[in-house]
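Heads up: the sequence lines are chains V and D, in that order. Each residue of the first sequence is one higher than the last, beginning at 21 in the working numbering. Each residue of the second sequence is one higher than the last, beginning at 21 in the working numbering.
Worth flagging that the hints you see were computed from the coordinates, not collected in a lab. Only a predicted model underlies this, so the values are computations on that prediction, with no experimental measurement involved. Even for Gly, the Cβ is constructed at its ideal location relative to N, Cα and C. Careful, some of the hints might be misleading.
Claimed, not checked - Computed spacing ranges between beta-carbons, pair by pair: (1) V:E138 - D:P191: 42 to 52 angstroms; (2) V:I33 - D:E92: 37 to 47 angstroms; (3) V:D216 - D:E88: 30 to 40 angstroms; (4) D:E202 - V:T38: 57 to 67 angstroms; (5) D:P191 - V:A74: 41 to 51 angstroms; (6) D:H125 - V:E43: 18 to 28 angstroms; (7) V:R200 - D:E92: 39 to 49 angstroms; (8) D:Q44 - V:A81: 47 to 57 angstroms; (9) D:D35 - V:E54: 23 to 33 angstroms; (10) V:E138 - D:N34: 22 to 32 angstroms; (11) D:E92 - V:K205: 41 to 51 angstroms.
The chain contents come next:
Protein chains: 2
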Amino acid sequence: MTDALDTIAQLYINDGLTDEQIEQQIAVYQPLSEDIRELILLAIQTKADGPAVAEARRHLAAAREILERDRETGPYGTRFNDSGRFRNWGNAAMGLRNPLAALHHIEEGPDGVRADFELNAAYEGPAGHTHGGVSALILDQILGDAVRSAGYPGMTGTLTVRYRRRIPLGPLRAEAKLDRVEGRKAFAVGHIADSDGICVEAEGIFIAPKWMIEQRDSFDERPRPQ
Amino acid sequence: MTDALDTIAQLYINDGLTDEQIEQQIAVYQPLSEDIRELILLAIQTKADGPAVAEARRHLAAAREILERDRETGPYGTRFNDSGRFRNWGNAAMGLRNPLAALHHIEEGPDGVRADFELNAAYEGPAGHTHGGVSALILDQILGDAVRSAGYPGMTGTLTVRYRRRIPLGPLRAEAKLDRVEGRKAFAVGHIADSDGICVEAEGIFIAPKWMIEQRDSFDERPRPQ
């Protein structure tokens, strides 16, 4: 436990970038992730035959060779700068550089957080529908954002997801808010809805490790992603 | 509810492929997905500068143009053939053609199911660690596989995930088994462990829609993916 948290603290670093440098990185790397997101979908949907796929793979290998020339090898971690901009760009649910991430913008308001997003065929579980586990991933992220946004950042202790009905693919909205706080535990509730209403709801208990509380208190602004 | 289930049933189809054709598709499309999986990681890890990324993106656009010439546009669904081979190749957790999928082989035994897998930096949540929601996605899949493997396929009703400690990235094992059955509800339990033991555990309630029971009974063999 302690080792794991030490590792997190090590990857929670001020990398000293200026805001301008961060904007430059967004301009370079966000379109790259969008390209790869489209390729994920094509990996599932293409009907190209063997020779055509071989030709496409030669282009992918060329792209890979270029991108590999100068690369990191470990996880992205959480990076921030002196102006308090946080970047979880590798995050599997909402990382700006992660082509897996389903969430692109999480809106924080006085009553909680919400995100409008669209799931394509890469997020399928039951035929033609969103994978129940993908909705759990999104709910884990947005419930965690709700407690952080309310001033009680923590890591998931327990997540309970209740499926009212099948979740379609396509446009969806996730919403979450802080329910209550007990000591170091923050309780959040939330759901994912389509245009007909709630499909799946969740409650989560988030627990703040001490280093996170200390880290938080060392800034004027609360940590917020990106 | 009925509409959603009708849609699932529509996408649960016998496409008449021979086993040989299925093997040919695996040989063509699995390496493509592996290439794109590596590009996902590079999207997060590359330090290539603007001109180099632009050059890489030209190659990605060329690959995309080839793969788009002949493509499907909707979800993959669940496809099967006369010999009873099922393919959920678009599945977000274990689809053979889905570069998002973390699970590549799920082993079914008399005491349940298990999967050895490895999570790279694309599955990150807390700095340097597996996203809690990714573990929920994997647990949803493997608990569902456990009830299906035991003869009680169903869709997730409730999933409860308890995090004992942070989940590292790297090699992990997921295990799950049927706990008990009550009417159309099958209860499963499972966990994800690293080399030091269990990191996160889950219990799930899976409910069988009627069409799924009918579909199941129409085969000699129970539906099994791939």
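Going down the list of hints, with the structure as the test:
1. Judged by the Cβ atoms, the range 42 to 52 angstroms given for E138 of chain V and P191 of chain D is violated: they are separated by roughly 33 angstroms.
2. At roughly 43 angstroms, the beta-carbon separation of I33 of chain V and E92 of chain D lies within the given 37 to 47 angstroms, and the hint holds.
3. The hinted window of 30 to 40 angstroms between D216 of chain V and E88 of chain D holds, with their beta carbons roughly 32 angstroms apart.
4. Here the CB-CB span from E202 of chain D to T38 of chain V is close to 60 angstroms, well matched to the stated 57 to 67 angstroms.
5. Roughly 31 angstroms separates the CB atoms of P191 of chain D and A74 of chain V, a value that falls outside the hinted 41 to 51 angstroms.
6. Range check, H125 of chain D to E43 of chain V: about 43 angstroms between beta-carbon atoms, so the 18 to 28 angstroms window is missed.
7. For R200 of chain V and E92 of chain D, the hinted distance range of 39 to 49 angstroms is satisfied, since their beta carbons lie about 47 angstroms from each other.
8. Between Q44 of chain D and A81 of chain V the beta carbon distance is about 22 angstroms. The supplied range of 47 to 57 angstroms is therefore violated.
9. Between D35 of chain D and E54 of chain V the beta carbon distance is about 31 angstroms. The supplied range of 23 to 33 angstroms therefore holds.
10. In this structure the supplied range 22 to 32 angstroms holds for E138 of chain V paired with N34 of chain D, their Cβ-Cβ distance being about 30 angstroms.
11. Between E92 of chain D and K205 of chain V the beta carbon distance is about 46 angstroms. The supplied range of 41 to 51 angstroms therefore holds.
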